[in-house]
Amino acid sequence: MFVKPFRYERAEDLAHACEILRSHGDGAKAIAGGQSLMPMLNTGLLDCEVLVDISHIDLEDVGVRDGYLELGGLVRHARLASDSRVANSQPLIATAARHVGNARVRNRGTLGGSLAHADPSAELPLVMTAIGAKVLASNGSEVREIAAEELATSFLSTQLAEDELVVAVRVPVLGEGWGWSFNEITRRLGDFAVAAVAVLLRTAEGKVLEARVAAGAVGKTPIRLGGVEAALSGASRDELAERAQRLDEVDPPSDSNASAAYRKKVLGVLVRRSLLEAFDRAGVGESGAGGADAAESGAGESGSGESTDGSGRGEGQ
Amino acid sequence: MTSGGALAGPFENEVTLSFEVNGRRVTRRGPGHLSLLRWLRDLVGVTDPKYGCGEGVCGSCAVQVDGQVVSSCIVLAAQVDGAKIETASGMCGDDGSLSGLQQAFHEHHAAQCGFCTPGMLMAAASLLEDGRHRSRDEIREALHGNLCRCTGYGPILDAIEAAQAGREATGPRAGSETKLVAG
Ligand code: FES
Ligand code: FES
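If you read the sequences in order, they're chains A and B.
All the letters of the first sequence, read from the start, carry residue numbers 1 to 317 under this note's numbering.
All the letters of the second sequence, read from the start, carry residue numbers 1001 to 1183 under this note's numbering.
Honestly, the hints are just simulated from the structure, not real lab data.
Here a beta-carbon is modelled for each residue, glycine too, at the ideal position from N, C-alpha and C.
Some hints here could point you the wrong way.
What the hints assert, rightly or not - Pulled a few chain A residues facing chain B out of the computed Cβ check, cut under 10 Å: (1) Asp26; (2) Gly27; (3) Ile31; (4) Met38; (5) Pro39; (6) Leu41; (7) Ala103; (8) Arg188; (9) Gly190; (10) Ser259.
Work the whole structure out from these sequences, hints included.
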């Protein structure tokens, strides 16, 4: 842990933060919760001249307005996991947040930080892609709206400019008739995902009307599974398993966590499970109800109430 | 108390930070790039949080910052200037007596080499804080971010369950962890 020294600057407000970032260009990095940045600095994967502390800027609002849930860029994972407004309006976000890292990470890490870091195996960028969230980015004077799906351009890379910060994320409140599901496979609880899947599904009379299916950790960014989505239209519950296998466009990487072939195999399993779960939740009617229950039962430290089997729960910790 | 040592300055990037560490106000001047873990160990001289991985995954550096458990190795000290920091040694009474949780660790042989123990204590204290009863599986799951290379975890789970039972018998705020959870 012999970090290359940098200068610390605390940003007083958004304009100040963007100003410092602008004036230092490549040499400056913004730090919010620091749960990805600090490990990278500690291990020498990254260095910088100036670290701009944006964590004291007032961007921690959670609000529901006009059918949209709006989350400030500095809302921490622990809050996403426990705030009933999040669980009621988009249970997918609350559930995904409970899968992030461990309790210590969730106490510090922020939504904006996770999106800007753009790790393809991270939970929040994945669910935002599935939901079709809008990411609001500001350079201190102008705010622009970016589709969550287009925010990440590659592994740990985004289309954010040097002086732009994620100030908020806006997602539609989950409507009537929609079901949701989040599942991931990790080698040990809290590890980076080998594969992760988020699904939103609308059904009527036992058939799929609309589906949004996204996967994490199987590409350079979270991806929509277009083949699966297209195949789902009009599907009954019994047809979901077969349609979950339309994964031709997915070409996962091999790394120390898993081989490409294994990733693709478990991806198919996760998609099938998630579709079934989302389908059943959609059928229940009140779409938000399941999420509220889940939030209550998992609101404590235990965090990962809904982890998929196969995640190694209960093994060597 | 060290106030320089390995980190004798001056550094170009110096900052002055002030923390309340286990109830004691400590102001030090040091490099602005230090993690909270290094600040505590090298500048304040509180060495019970341990450096294991430096990446937030092992939990041996766990401390509470304003009542919330964090990995001090991946918290930049300057970011939390002014915070109330509690470490495992702060659980002891003023006379050095052990808290209920520490006593349970002792009785159940939950420490072998002891390197993970301060972090385990912080994780356990944070978990039990809200007074809600946790099953053994829930405790195991909540500790998934704390690694132990010696005990096999069984004795640690035994100790935490025993401490929980002790609190449930005598009231949730009994024992000297009250000091820890007050913030
Ligand atoms: S040393 Fe901080 S989590 Fe391992
Ligand atoms: S007692 Fe040695 S690492 Fe836990």
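Here's how the hints hold up against the structure:
1. Asp26: violated (18 Å)
2. Gly27: Violated - the Cβ of Gly27 (chain A) stays beyond 10 Å from chain B, reaching only about 13 Å at its closest.
3. Ile31: This interface hint holds because 6 Å falls under the 10 Å limit.
4. Met38: holds (4 Å)
5. Pro39: holds (4 Å)
6. Leu41: Hint on Leu41 (chain A): holds, closest Cβ of chain B at ~8 Å, below 10 Å.
7. Ala103: Holds: closest Cβ of chain B sits about 6 Å from Ala103 (chain A), inside 10 Å.
8. Arg188: Status holds, d = 7 Å.
9. Gly190: holds (5 Å)
10. Ser259: violated (23 Å)
The structure is inconsistent with the numbered hints 1, 2, 10, although it conforms to all the rest.
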